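2 protein chains.
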Amino acid sequence: MLLDVSTAERIIQQHLPNWRVSDVDLAEAGNLSLAQTLAQTIVSDRAYPPYHRVMMDGIAVAWSAYNSGQRIFAIEGLAAAGMPPVTLSDPCACWEVMTGAVLPEGTDLVIPYEELKITGGQATVVQDSPRRSLDYVHLKGSDCSAGQEIMPAGSVINSPRYGILAALGYSQVAICHPPKVELIATGDELVAIAASPEPYQIRSSNVYALRSALHKSGYAEVGIVHLPDDPAAIRQHYQQARTQNQLLIYSGGVSQGKRDYLPQIWQELGVTQLFHGIAQRPGKPMWFGVDQQYQTVIVGLPGNPVSSLVCLHRYFLKLPKIWGKLTEKVVFIPNLTYFLPVQCTYTAQGEITVQPVKWQNSGDFLALADSDGFIELPQERSEFRAGECFPFYGWQ
Amino acid sequence: MLLDVSTAERIIQQHLPNWRVSDVDLAEAGNLSLAQTLAQTIVSDRAYPPYHRVMMDGIAVAWSAYNSGQRIFAIEGLAAAGMPPVTLSDPCACWEVMTGAVLPEGTDLVIPYEELKITGGQATVVQDSPRRSLDYVHLKGSDCSAGQEIMPAGSVINSPRYGILAALGYSQVAICHPPKVELIATGDELVAIAASPEPYQIRSSNVYALRSALHKSGYAEVGIVHLPDDPAAIRQHYQQARTQNQLLIYSGGVSQGKRDYLPQIWQELGVTQLFHGIAQRPGKPMWFGVDQQYQTVIVGLPGNPVSSLVCLHRYFLKLPKIWGKLTEKVVFIPNLTYFLPVQCTYTAQGEITVQPVKWQNSGDFLALADSDGFIELPQERSEFRAGECFPFYGWQ
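Line order of the protein sequences matches chains L and D.
1 is the number of the first residue of the first sequence in the numbering used here; add one for each residue after it.
1 is the number of the first residue of the second sequence in the numbering used here; add one for each residue after it.
If you're looking for bench data, these hints aren't it; they were derived computationally from the structure.
Be aware that a few hints might be false.
Unchecked claim - Result set (EDC-like, lysine to aspartate or glutamate): computed pairs, CA atoms no more than 16 Å apart in a straight line:
no., chain 1, residue 1, chain 2, residue 2
1, L, Lys329, L, Glu376
2, L, Lys140, D, Asp128
3, L, Lys180, L, Asp230
4, D, Lys329, D, Glu388
5, D, Lys358, D, Glu388
6, L, Lys358, L, Glu328
7, D, Lys321, D, Glu9
8, L, Lys284, L, Asp4
9, L, Lys284, D, Glu114
10, L, Lys258, L, Asp230
11, D, Lys318, D, Glu9
12, D, Lys321, L, Glu351
13, L, Lys258, D, Glu114
14, D, Lys258, L, Glu114
15, D, Lys140, L, Glu198
16, L, Lys140, L, Asp45
17, D, Lys358, D, Asp370
18, D, Lys284, L, Glu114
19, D, Lys117, D, Glu105
20, L, Lys321, D, Glu114
The structure presented is a predicted model; accordingly, all values stated were derived computationally and were not measured.
Next up, chain L with everything else stripped away, as it sits in the complex (with noise of 0.2 Å):
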């Protein structure tokens, strides 16, 4: 009856609504996540750099004639960056060169200022470092040639990729872009955030909670309602919802309780449920299904805290695959994956450490307060040793 969590993982991976892809425009674009790719190949659009490129603040001189055992020059002129290249007329004299800019025609090497005594429009060489030609010149083409493929689709958009999205020319880019949104929070106990609850209430906490993980994750778009636990209300939200978003996602209401109406409903209006409940502490009642006809991906949490947040992270956050070493020995007997919460350290060792965090019970959301993420320990096993490692899930 309950599915493994690799059995639940991958069912989830071929439903999941594929990512939309859009053009953003390079020079306005907002807030890009580190979970968000590129849509299409990027390609130079000419050779890197584009001309033989000054690297050094000095001056520019024939090889030959600085072989040769001269170390005076005389000045022709300036070439800064963004100057159209100029050309040595005499090949005993030298042009005084700024970084970036092109090499002039008729010299091959690049003599720093630091190394120079620059008098009366001479450039004398005061220091006689080993030179060879081509110092401090950056050959037109030896980074790149021009229609080589720089970055494939796929690539997340660190910020070095950006820039190089930008010295390429791709002022429009296709970038691939999470779906659309909503979360649903279910159950009468739940009061507004700025509420007084009734002692017997709660503040709605969770779709909250989901929210701030899936914005820090990329997704632009996230909606929140609050549904009481009455079947009309819940039938008449889903089949507005259902036509506007590529993804619902519940927090509550699935369990075996009398009031967990959804998963009764959702089969009413013609979801495919493809599974309910995975062999895990917590988020044992998760619920997953698909409105084909919609082509909207139904996803219901349990309503506690902890479990809500776990679900979403372990199954639905694109998050690098990370092991942390244990710290100490955990015991957990139950046939389940237990997903532990734990403080993780980077050490000085160029390691990963987690430590569990002292927990009740997984309806202590205030214990997470001080976690950093948490860890799965396999189902199979019910000793896990000191030193063993184990996948890590960070936070967002």
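Since the structure of chain L is provided, determine the placement of chain D on it from the hints.
Below, chain D alone, put in the same frame as chain L:
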């Protein structure tokens, strides 16, 4: 003359503008980054759980009745989450209870549905598990008492903490926001991303890479300006910009070149230079100063794309302190701290390994497409062995 890296870092930290504190509406808040922190201490508004909380769907009974051997209980009613508290009138009866409900007065044991059969208004315990008083009861105040500190000021706002803020009723919460920044590209060689450059021109890309990194680190207000290598234009812009920003980051114009006007112009306009030059590669010409009158911090990054990104990440972004283990020997002779672009791998042994990327020189910015960040190799050494660990800075 050249500062060492740690001295430069200390001077920068002493002068960087404070992050601005402002209240965020938690229900409305958009994208907070993982670099953003709480500007206030968070305390619990009441005990948590705020009542004896039922942890499983099932029935609640008196332990004394169960313990004396009773296994069949008449059902007095249904207590769901969000309902005001109810009381067991007959100590030998039970209430059906849903997860999250208030434990009925007079009961102190929850038995889950899975271990029951319910027919004709009676619940029969059909599975004889070992039980203790308070099973599946999350005791009032067991997570925290009222007025207890839950999160200190300075905590980063990850998703569980966001949820906790909501649960505790912080509908408005004081959060630190990064300063308002302007990025200024200088250089006559630069054209717009959408332009077709002449062979001797390049597209402006540094400021877009820098903005992308700042965005990912929580900077929401990042302006971009392009200036020619023209002292009058630079002066005019500066006199405006310093009144409207807390941090001005220039790209280019701080080297020894004839068109590197910035340090002199800043000095003329009253900026106090705190340093010019760091014993590092890349990024040696970096400049740093403060305009005391306007309380504006001025940064001059080298125009080289690799240098400017490295300097931004090394000195200005709040990144986790991570060490990576070098996969191969590196030799670097100059008496400079060496920032070396690397690929980073998380191993199943809980390690972070870093592999230098092949690059020709710090002008080869395309090579960064294959890197995940850079490591810092200390100035006082020239050989770095495979297996040694060094600080790693990941690209934002």
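Hint by hint, here is what the structure shows:
1. L:Lys329 x L:Glu376: The hint holds at about 14 Å.
2. L:Lys140 x D:Asp128: 81 Å, violated
3. L:Lys180 x L:Asp230: 25 Å, violated
4. D:Lys329 x D:Glu388: 9 Å, holds
5. D:Lys358 x D:Glu388: 19 Å, violated
6. L:Lys358 x L:Glu328: OK: lysine 358 (chain L) and glutamate 328 (chain L) at ~12 Å, within 16 Å.
7. D:Lys321 x D:Glu9: 14 Å, holds
8. L:Lys284 x L:Asp4: Holds, because 10 Å separates the two Cα atoms, which is no more than 16 Å.
9. L:Lys284 x D:Glu114: Distance ~14 Å between lysine 284 (chain L) and glutamate 114 (chain D) Cα, so the pair holds.
10. L:Lys258 x L:Asp230: The hint holds at about 12 Å.
11. D:Lys318 x D:Glu9: 12 Å, holds
12. D:Lys321 x L:Glu351: Roughly 12 Å between the alpha carbons, so the hint for lysine 321 (chain D) and glutamate 351 (chain L) holds.
13. L:Lys258 x D:Glu114: Answer holds: lysine 258 (chain L) to glutamate 114 (chain D) is near 14 Å, not above 16 Å.
14. D:Lys258 x L:Glu114: Judged against 16 Å, a Cα distance of about 14 Å means the pair holds.
15. D:Lys140 x L:Glu198: 14 Å, holds
16. L:Lys140 x L:Asp45: 14 Å, holds
17. D:Lys358 x D:Asp370: Holds, at roughly 9 Å.
18. D:Lys284 x L:Glu114: With a Cα-Cα distance of about 14 Å, the restraint between lysine 284 (chain D) and glutamate 114 (chain L) holds, given a limit of 16 Å.
19. D:Lys117 x D:Glu105: Between lysine 117 (chain D) and glutamate 105 (chain D) the Cα gap is close to 23 Å, so the pair fails against 16 Å, i.e. violated.
20. L:Lys321 x D:Glu114: Given pair lysine 321 (chain L), glutamate 114 (chain D) is violated - Cα atoms ~36 Å apart, limit 16 Å.
In summary, the structure is inconsistent with hints 2, 3, 5, 19 and 20 from the numbered list given earlier, while agreeing with the others.
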